[in-house]
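Engineer: Given next are the chains, with one letter for each unit.
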Amino acid sequence: MKNVKILGSGCKRCIATADMATAEAKKLGIDIELEKVTDFVDIAKFGIASTPGVVIDGKVVHAGGLPKPEDMAKWLAA
Amino acid sequence: MSFGLSTHPQRPASSATWVAATIAAVAVWFALYRQLEPVSAWLVALLPVAPGSHITEALRFFVYDTPKVLMLLTLVVFGMGVVRSFFSPERTRALLAGRREGVGNVAAAILGVFTPFCSCSAVPLFVGFVSAGVPLGVTFSFLIAAPMVNEVALGLLFALVGWKVAAIYLGFGLAIAIVSGWVIGRLHLEGWLEEWVRELRAGEAELPPDQQTIVDRIQAGIEAVRDIVGRVWVWIIVGIAAGAFIHGYVPNDLLASIMGKGQWWSVPAAVLLGVPMYSNAAGIIPVVEALLGKGAALGTVLAFMMSVIALSFPEMVILRKVLSLRLIAVFAGVVALGIVAVGYLFNALFS
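So the protein lines, in turn, are chains A and B.
According to this note's numbering, the first sequence holds residues 1 to 78 in order.
According to this note's numbering, the second sequence holds residues 1 to 351 in order.
One should not assume that every hint holds.
To be verified - No more than 20 Å apart at the CA atoms, straight line, and that leaves these computed lysine to any residue pairs for SDA-like:
no.	chain 1	residue 1	chain 2	residue 2
1	A	59	A	18
2	A	36	A	73
3	A	45	B	268
4	A	45	B	68
5	A	45	B	319
6	A	59	B	207
7	A	74	B	210
8	A	68	B	212
9	A	45	B	212
10	A	12	B	116
11	A	26	A	9
12	A	68	B	238
13	A	12	B	319
14	A	45	B	321
15	A	45	B	88
16	A	45	B	294
17	A	68	B	319
18	A	12	B	232
19	A	68	A	20
20	A	12	B	220
21	B	68	B	234
22	B	294	B	238
23	A	12	B	210
24	B	68	B	31
Unchecked claim - So the derived label-pair ranges between C-beta atoms look like this:
no.	chain 1	residue 1	chain 2	residue 2	range
25	B	50	A	38	55 to 65 Å
26	A	42	B	272	35 to 45 Å
27	A	33	B	272	35 to 45 Å
What the hints assert, rightly or not - With the Cβ distance kept under 10 Å, some of the chain A side facing chain B (calculated, not the full set):
no.	residue
28	26
29	30
30	34
Note that these hints are calculated values from the structure, not bench results.
Think of the CB as a built atom: it goes at the ideal place given N, C-alpha and C, for glycine as much as any other residue.
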């Protein structure tokens with residue numbers, strides 16, 4: 001079970017990123033626990049300066065802008 | 001909108017194909033652009049309106065300017081999308097962290113032009129910068145420059161009003177960001193931040209290194225076009241319609257008497273008028289073009305434009321989450337003063 005956090009205050013792209021994580025995980029058959037982090041304090045603690053951010057098992061893999069689905073699949077599979 | 005760049009999804013195209021397709025698309029762009037004026041004149045001539053009348057002038061402005069502005073915007077946004085793929089807020093922050101004021105303000109304002117920034121990201125960006133040790137005033141220089149001196153504003157000014165005005169806008173926009181940020185830094189207002197921001201000391205996330213290929217960067221440009229042009233085209237059409245109305249119907253001397261150089265109060269009035277208006281550069285520049293054509297003074301018009309873009313009420317509401325009301329008031333006040341000064345200076349220089 002992988003823990004996936006999507007950091008962002010609920011903007012359109014953050015929601016799209018969360019949906020993408022769910023869809024890619026399903027495609028790969030990986031079980032994930034998806035968490036949306038919307039609190040600014042919590043977001044800032046991850047040390048990013050742009051949203052949406054993607055954190056997988058505690059590691060920041062992406063910050064700023066909608067990621068590519070291929071990249072999302074790569075992060076989930078790693 | 002299609003870009004003539006779609007390749008077969010099953011077969012990954014080589015970088016050479018992408019580069020060639022991009023060059024071809026740009027060539028097609030120029031060929032089309034050159035045909036705009038004759039085609040629009042021909043179209044308006046077909047309409048059952050008397051040549052030289054108000055409605056004809058308004059229509060001619062609208063029919064020619066709409067495709068022109070949209071095409072220029074597409075090209076500029078694509079180019080900047082590619083350039084911006086080399087920058088990220090995280091990297092800009094690393095460049096600015098711990099930098100001294102002065103040099104830091106200048107660097108922050110310049111980086112603000114190139115770093116991708118959206119107002120929905122303003123709070124995480126602000127907190128991310130301040131908590132990583134970027135001085136408050138330097139952070140403000142970035143936050144002022146990023147929305148005000150952007151590719152849309154510069155590209156459209158260049159295209160519609162000329163390179164001189166665009167260059168002056170760039171110079172004075174940067175100057176306002178640098179000086180305002182420096183002043184805010186000198187005032188030492190760190191205590192006026194919301195408490196949680198002051199106490200937060202976050203490290204910087206270690207992101208994977210940037211491994212984008214040329215194809216990724218071209219795609220970033222296309223993505224920027226889809227995103228920005230997709231979002232602002234309505235504003236542009238509204239702006240051009242307003243511009244067309246001004247162009248066709250507003251008498252020349254009316255604007256010269258209200259927004260001309262003779263009235264000392266016109267600059268502050270234009271700035272005040274701009275604050276509650278929330279538009280982006282795309283919607284406001286066609287109006288700027290029309291106002292200038294009707295004899296409004298350049299400084300007054302630019303002050304209005306800067307105020308609309310840089311002092312937006314919704315952005316202040318977002319920033320309220322991290323800044324106290326007093327700090328927002330100082331921020332708005334310093335920037336507004338800077339814009340008024342630029343307005344007077346321009347009117348004095350271009351008389």
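Engineer: If a hint holds in the structure, say so; if it does not, say that too.
Structural biologist: Here's how the hints hold up against the structure:
no. : hint                        : in the structure
1   : A:59 with A:18              : holds, 16 Å
2   : A:36 with A:73              : holds, 18 Å
3   : A:45 with B:268             : violated, 41 Å
4   : A:45 with B:68              : violated, 45 Å
5   : A:45 with B:319             : holds, 18 Å
6   : A:59 with B:207             : holds, 9 Å
7   : A:74 with B:210             : holds, 15 Å
8   : A:68 with B:212             : holds, 12 Å
9   : A:45 with B:212             : violated, 27 Å
10  : A:12 with B:116             : holds, 17 Å
11  : A:26 with A:9               : violated, 24 Å
12  : A:68 with B:238             : violated, 33 Å
13  : A:12 with B:319             : holds, 19 Å
14  : A:45 with B:321             : holds, 16 Å
15  : A:45 with B:88              : holds, 18 Å
16  : A:45 with B:294             : violated, 52 Å
17  : A:68 with B:319             : violated, 29 Å
18  : A:12 with B:232             : holds, 16 Å
19  : A:68 with A:20              : holds, 9 Å
20  : A:12 with B:220             : holds, 18 Å
21  : B:68 with B:234             : holds, 15 Å
22  : B:294 with B:238            : holds, 19 Å
23  : A:12 with B:210             : violated, 24 Å
24  : B:68 with B:31              : holds, 13 Å
25  : B:50 with A:38: 55 to 65 Å  : holds, 59 Å
26  : A:42 with B:272: 35 to 45 Å : holds, 38 Å
27  : A:33 with B:272: 35 to 45 Å : violated, 51 Å
28  : 26                          : violated, 20 Å
29  : 30                          : violated, 19 Å
30  : 34                          : violated, 20 Å
The structure does not agree with the numbered hints 3, 4, 9, 11, 12, 16, 17, 23, 27, 28, 29 and 30 stated previously, though it agrees with the rest.
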